[in-house]
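Colleague: Chains as they are written, first to last, in the working numbering: chain R, 1 to 532; chain Y, 533 to 724.
Don't read these hints as lab results, they were simulated from the structure. If you're wondering where the values come from, they're calculated on a predicted model, not measured in any experiment. All C-beta atoms in this analysis are idealised placements derived from N, C-alpha and C, irrespective of residue type, glycine included. Honestly, I wouldn't trust all of these hints.
[What the hints assert, rightly or not] Pair ranges (Cβ atoms, derived): (1) Y:Val633 with R:Ser414: 41 to 47 angstroms; (2) R:Lys3 with Y:Pro631: 36 to 42 angstroms; (3) R:Leu490 with Y:Val633: 21 to 27 angstroms; (4) Y:Asn720 with R:Pro347: 33 to 39 angstroms; (5) Y:Pro617 with R:Thr307: 57 to 63 angstroms; (6) Y:Lys685 with R:Leu302: 52 to 58 angstroms; (7) R:Leu44 with Y:Asp622: 43 to 49 angstroms; (8) R:Arg46 with Y:Lys685: 37 to 43 angstroms; (9) R:Leu490 with Y:Asn720: 44 to 50 angstroms; (10) Y:Ile641 with R:Gln371: 39 to 45 angstroms; (11) R:Gly332 with Y:Ile641: 41 to 47 angstroms; (12) R:Gly225 with Y:Lys685: 33 to 39 angstroms.
[Claimed, not checked] Partial chain Y-side listing against chain R, Cβ under 10 angstroms, derived: (13) Phe592; (14) Phe632; (15) Lys646.
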Amino acid sequence: MRKQLLLGDEALALGALHAGLSGVYAYPGTPSTEITEYIQQSALARERNVHSDWSANEKTAMEAALGASYAGKRALVCMKHVGMNVCADAFVNSAMTGANGGLVVTACDDPSMHSSQNEQDSRFYADFAMMPCFEPATQQETYAMIQAAYEMSERRRIPILMRLTTRMAHSRAVVEVNDEARPQNEIHFPENPRQWVLLPANARVRNEQLIADYASFEDDAATMGFNQYFEGNDCSMGIITCGIAYNYLMEQFPEGCPYPVLKIQQYPLPTAMIRRLAQNWNRILVMEEGQPMVERRLVGVLPTTATISGRLDGTLPRTGELTPDSVRAAVGLEPRPELAASQVAVPRPPALCQGCGHRDFYTALNNVIAQYPTARVFSDIGCYTLGWLAPFHAFHTCVEMGASVTMSLGAALSGVHPSVAVIGDSTFTHSGMTGLLDAVNAEAPVTICISDNLTTGMTGGQDSAGTGRLEAICRGIGVKEDHVRVIVPLPKNYDEMERVIREEIEYKGVSVIIARRECIQTLKRHASQKSK
Amino acid sequence: MKQDIILCGVGGQGILSIATIIGWAALDQNLHLKQAEVHGMSQRGGDVQSNLRISDTEIFSDLIPKGECNLIVSLEPMEALRYLPYLAPDGWIITNTQPFVNIPNYPTIEAIEKELERVGRVISLDVDAIAREVKSPRSANMVLLGAAASVLKMLSPELLEQGIAHVFGRKGQALVDINIEAFRAGLNAAKK
Chain R
1 MRKQLLLGDE
11 ALALGALHAG
21 LSGVYAYPGT
31 PSTEITEYIQ
41 QSALARERNV
51 HSDWSANEKT
61 AMEAALGASY
71 AGKRALVCMK
81 HVGMNVCADA
91 FVNSAMTGAN
101 GGLVVTACDD
111 PSMHSSQNEQ
121 DSRFYADFAM
131 MPCFEPATQQ
141 ETYAMIQAAY
151 EMSERRRIPI
161 LMRLTTRMAH
171 SRAVVEVNDE
181 ARPQNEIHFP
191 ENPRQWVLLP
201 ANARVRNEQL
211 IADYASFEDD
221 AATMGFNQYF
231 EGNDCSMGII
241 TCGIAYNYLM
251 EQFPEGCPYP
261 VLKIQQYPLP
271 TAMIRRLAQN
281 WNRILVMEEG
291 QPMVERRLVG
301 VLPTTATISG
311 RLDGTLPRTG
321 ELTPDSVRAA
331 VGLEPRPELA
341 ASQVAVPRPP
351 ALCQGCGHRD
361 FYTALNNVIA
371 QYPTARVFSD
381 IGCYTLGWLA
391 PFHAFHTCVE
401 MGASVTMSLG
411 AALSGVHPSV
421 AVIGDSTFTH
431 SGMTGLLDAV
441 NAEAPVTICI
451 SDNLTTGMTG
461 GQDSAGTGRL
471 EAICRGIGVK
481 EDHVRVIVPL
491 PKNYDEMERV
501 IREEIEYKGV
511 SVIIARRECI
521 QTLKRHASQK
531 SK
Chain Y
533 MKQDIILCGV
543 GGQGILSIAT
553 IIGWAALDQN
563 LHLKQAEVHG
573 MSQRGGDVQS
583 NLRISDTEIF
593 SDLIPKGECN
603 LIVSLEPMEA
613 LRYLPYLAPD
623 GWIITNTQPF
633 VNIPNYPTIE
643 AIEKELERVG
653 RVISLDVDAI
663 AREVKSPRSA
673 NMVLLGAAAS
683 VLKMLSPELL
693 EQGIAHVFGR
703 KGQALVDINI
713 EAFRAGLNAA
723 KK
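Taking the hints into account, I'd like the entire structure generated from these sequences.
Modeller: In structure tokens, the structure reads:
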């Protein structure tokens, strides 16, 4: 055993490598990116030829990992929580095929939306896909749990969802890790090949089997040791904690919690343990990071004898991540004395870097759009989303990956003109290309602007799947050659940029304008690598 | 023994390097350590912070509770004020005096100084100037780490220097030397 200082993300990555991983499949997304990056930089992964190149999106990642599992290998899929929406079709149906080689899907949720557009709780996905879910409270548990997850995945022949939240993914702690790694699996194919052909006749059989298996997943949740029941002397209430909520509870009681506690880290919910807690205490306080999933299940619809407290009755805030302070108030302790917040410290919102090409693109676009009072601009997810803030105020919508292209299409088909999309290069290859095909087929008057910085910028500069091939991709989808235009976003080029944007807005068909200049952050990095 | 520290500044100033060095220094000391940080959107010129907890007993929460932070270490004076509700009644602030102005409504220096005086227990240093004096202008964050080392009871300056050598070692001995010199300059300045 040796000690390492690891982020939760890194503890998960190293645990997977030590469990004999053969491939990680992922699209970058905060707070999950560091899992894949750790494996990309790992000497063990290189030595073992572990696949770790970025996937085009979460769906392609999930499907490739399912193929690896079919071939008998252990595979890992990583994404931020909203990535679960992108891969949902593959994810839910992977419970129907089941796993052959161990398959773990890691979703990193972002309560409080530090870097996300919603607070969705990935545990719901595991629940309705009828898949087991793990939710560790410490980095050390993360390391152990991912290895147990691979073991269970192969024993029960089912993919497993690992759920981390921001404070686990992005917090470091000392982790004791093994010196040895389990060997990788040899290629071997599923024992029941019918299960992997989801024709209705096969799927109906499998559905019955999955429902039967689900009971055994609950047995595992009671016996694998990750769900723990701690006795307490104070009988006024029992507490259920999920994942890292346990840490915030114990922060209040370093000498030991006076209340009985059920620490939940593995799902399906261990119902027998919950009943044991409810038998003796008529008030149950539920603490969970994210949405009140467990609490809602306990509350139900009809009256119960026990009082259930948590996020729904206001004992804890309904939204946002838990904090040691909100949990302190929930267990009825007095707040610690604190200084008043300073009125002098004003908000400092993030901004596009000085010298960034997105800035020059938005400047030129704004100059043109100012002449079209009816124009609507639909943007997308990435650094360039910051163009909504001052001084640019450059667009009207930003929803989810790829929506710029298709929303501009829907608006154009509804009579909006000019209808302009702004999308980054990585977001375009993630989910914009299929929407462009719809636009081409509709012959819609849309102007699709790809602000191409040759990287996935917002998450720290990962490779972008279409670098060097965007013009060919757009032409291949059917955009006319004359209307695939390339501009270089620099102040000296404003006149030319504005001319091109104006011409393509005036064109009554699908145009693509690629504004291409390398991200200044990756440019610096590449320059310093070259000088070595 | 436990020390809760908030490291803060503006994205790109080098807050996370300070956190990494302290973390490395604590690793082989049989100390418990937790260090929470936020990546992603906040790095684009916005405010950044890292919660760093060091203890000789088990640490539970990754986040520092309000009113418990022993030390705020800030690379930027207004950012030092952002976390006042977290400061313990006997907690200290160590801050750079040089403002990083990238917003139109940045307060006046006088207003910031007055607010810091309200707290009282403050060590203010122009770490940028000190870094320039020792001819390593890009090591202002190491000057600040040096200043913090004067009150980091659980980790000796020698141990932190080993941490600097470890973190910058891959980039060559010259860079290690520059950063250690900046660290020592900060340590000396804080002792005055």
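Colleague: Kindly indicate which numbered hints from before are broken by the structure, ordering the numbers from low to high.
Modeller: 5
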